[in-house]
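Chemist: Sequence:
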Amino acid sequence: MRSAADVAAMPCPLCRTGLTLSDRAGVEIDYCQTCRGVWLDRGELDKIIERSVREAAPPPREAPRSSPGYRPDAYQRDNDYRYRPDKRKKSFLSELFD
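Going by the numbering used here, the first residue of the sequence shown is number 54, and it counts up by one from there.
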(Lines of atoms letter the chains of each structure in order from A; the text may use other names.)
(Lines give C-alpha, C1' and ligand atoms only; values in the text may rest on other atoms or scores of the structure.)
Protein backbone atom coordinates (compact mmCIF):
# COMPACT_ATOMS: atom_id res chain seq x y z
CA MET A 54 0.00 0.00 0.00
CA ARG A 55 1.27 3.42 -0.90
CA SER A 56 0.97 6.56 1.14
CA ALA A 57 -1.04 9.58 0.04
CA ALA A 58 2.21 11.53 -0.46
CA ASP A 59 3.44 8.91 -2.97
CA VAL A 60 0.24 9.20 -4.99
CA ALA A 61 0.25 13.00 -4.93
CA ALA A 62 3.70 12.92 -6.51
CA MET A 63 2.50 10.63 -9.33
CA PRO A 64 1.21 12.54 -12.36
CA CYS A 65 -1.47 11.21 -14.71
CA PRO A 66 0.21 9.60 -17.75
CA LEU A 67 -2.27 11.33 -20.09
CA CYS A 68 -2.81 14.86 -18.82
CA ARG A 69 -0.02 15.21 -16.23
CA THR A 70 -2.29 16.28 -13.33
CA GLY A 71 -2.02 14.61 -9.93
CA LEU A 72 -3.67 11.22 -9.42
CA THR A 73 -6.13 10.56 -6.60
CA LEU A 74 -5.98 7.31 -4.61
CA SER A 75 -9.21 5.54 -3.74
CA ASP A 76 -9.74 2.24 -1.95
CA ARG A 77 -12.87 0.50 -3.25
CA ALA A 78 -13.81 -2.91 -1.87
CA GLY A 79 -10.18 -3.65 -0.97
CA VAL A 80 -8.82 -2.62 -4.38
CA GLU A 81 -6.56 0.44 -4.66
CA ILE A 82 -7.50 2.58 -7.64
CA ASP A 83 -5.55 5.60 -8.87
CA TYR A 84 -7.71 7.91 -10.93
CA CYS A 85 -7.40 11.26 -12.61
CA GLN A 86 -10.17 13.72 -11.89
CA THR A 87 -9.38 15.68 -15.05
CA CYS A 88 -9.40 13.02 -17.79
CA ARG A 89 -11.21 10.32 -15.72
CA GLY A 90 -8.44 7.78 -16.39
CA VAL A 91 -8.16 4.81 -14.01
CA TRP A 92 -4.95 2.94 -13.14
CA LEU A 93 -4.39 -0.13 -11.00
CA ASP A 94 -1.32 -1.09 -9.01
CA ARG A 95 0.43 -4.43 -9.47
CA GLY A 96 -1.79 -7.26 -8.21
CA GLU A 97 -4.99 -5.18 -8.09
CA LEU A 98 -6.31 -6.61 -11.37
CA ASP A 99 -5.69 -10.11 -9.97
CA LYS A 100 -7.84 -9.20 -6.94
CA ILE A 101 -10.65 -8.04 -9.23
CA ILE A 102 -10.50 -11.21 -11.35
CA GLU A 103 -10.34 -13.46 -8.28
CA ARG A 104 -13.36 -11.81 -6.73
CA SER A 105 -15.39 -11.85 -9.94
CA VAL A 106 -14.74 -15.60 -10.36
CA ARG A 107 -15.99 -16.23 -6.82
CA GLU A 108 -19.14 -14.19 -7.43
CA ALA A 109 -19.77 -15.82 -10.81
CA ALA A 110 -19.84 -19.32 -9.30
CA PRO A 111 -23.26 -20.94 -9.78
CA PRO A 112 -25.48 -20.95 -6.69
CA PRO A 113 -26.23 -24.30 -5.05
CA ARG A 114 -29.24 -26.11 -6.47
CA GLU A 115 -32.49 -25.81 -4.57
CA ALA A 116 -34.88 -28.64 -3.90
CA PRO A 117 -37.95 -28.51 -6.18
CA ARG A 118 -40.87 -26.70 -4.59
CA SER A 119 -44.34 -28.05 -4.57
CA SER A 120 -46.70 -25.97 -6.66
CA PRO A 121 -49.44 -24.18 -4.71
CA GLY A 122 -53.04 -24.22 -5.83
CA TYR A 123 -54.32 -21.78 -8.44
CA ARG A 124 -54.87 -18.24 -7.16
CA PRO A 125 -56.15 -15.66 -9.65
CA ASP A 126 -54.55 -12.73 -7.80
CA ALA A 127 -51.12 -14.41 -7.87
CA TYR A 128 -51.50 -15.14 -11.58
CA GLN A 129 -52.28 -11.50 -12.33
CA ARG A 130 -49.40 -10.26 -10.17
CA ASP A 131 -46.93 -12.70 -11.78
CA ASN A 132 -47.81 -11.43 -15.26
CA ASP A 133 -47.53 -7.75 -14.38
CA TYR A 134 -44.09 -6.36 -15.32
CA ARG A 135 -44.14 -3.99 -12.33
CA TYR A 136 -43.88 -6.92 -9.91
CA ARG A 137 -41.02 -8.68 -11.68
CA PRO A 138 -37.56 -8.37 -10.12
CA ASP A 139 -34.69 -6.85 -12.05
CA LYS A 140 -33.11 -9.64 -14.10
CA ARG A 141 -29.65 -8.16 -14.08
CA LYS A 142 -27.38 -9.45 -11.35
CA LYS A 143 -25.47 -6.70 -9.59
CA SER A 144 -21.72 -7.11 -9.82
CA PHE A 145 -19.18 -5.95 -7.30
CA LEU A 146 -17.55 -4.04 -10.16
CA SER A 147 -20.40 -1.55 -9.99
CA GLU A 148 -19.19 -0.70 -6.48
CA LEU A 149 -15.68 0.08 -7.73
CA PHE A 150 -16.65 2.87 -10.10
CA ASP A 151 -19.33 5.43 -9.27
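For the record, the hints were derived by calculation from the structure and aren't laboratory data. Warning: the hint list may mix true and false statements.
Distance ranges between label pairs, derived from CB positions [to be verified]:
| # | residue 1 | residue 2 | range |
| --- | --- | --- | --- |
| 1 | T73 | G96 | 14 to 22 angstroms |
| 2 | E103 | P64 | 46 to 54 angstroms |
| 3 | T70 | A116 | 55 to 63 angstroms |
| 4 | V106 | C68 | 30 to 38 angstroms |
| 5 | E103 | L67 | 22 to 30 angstroms |
| 6 | A116 | R89 | 43 to 51 angstroms |
| 7 | P113 | R69 | 49 to 57 angstroms |
| 8 | G96 | P64 | 21 to 29 angstroms |
| 9 | R77 | A110 | 18 to 26 angstroms |
| 10 | P112 | R77 | 18 to 26 angstroms |
Treat the numbers as computed from the prediction; the structure is a model and nothing was measured. From the three backbone atoms N, C-alpha and C, an ideal C-beta is built for every residue, glycine too.
Chemist: Going back to the hint list, which numbers does this structure go against?
Modeler: Of the numbered hints given earlier, the structure breaks just one, which is hint 2.
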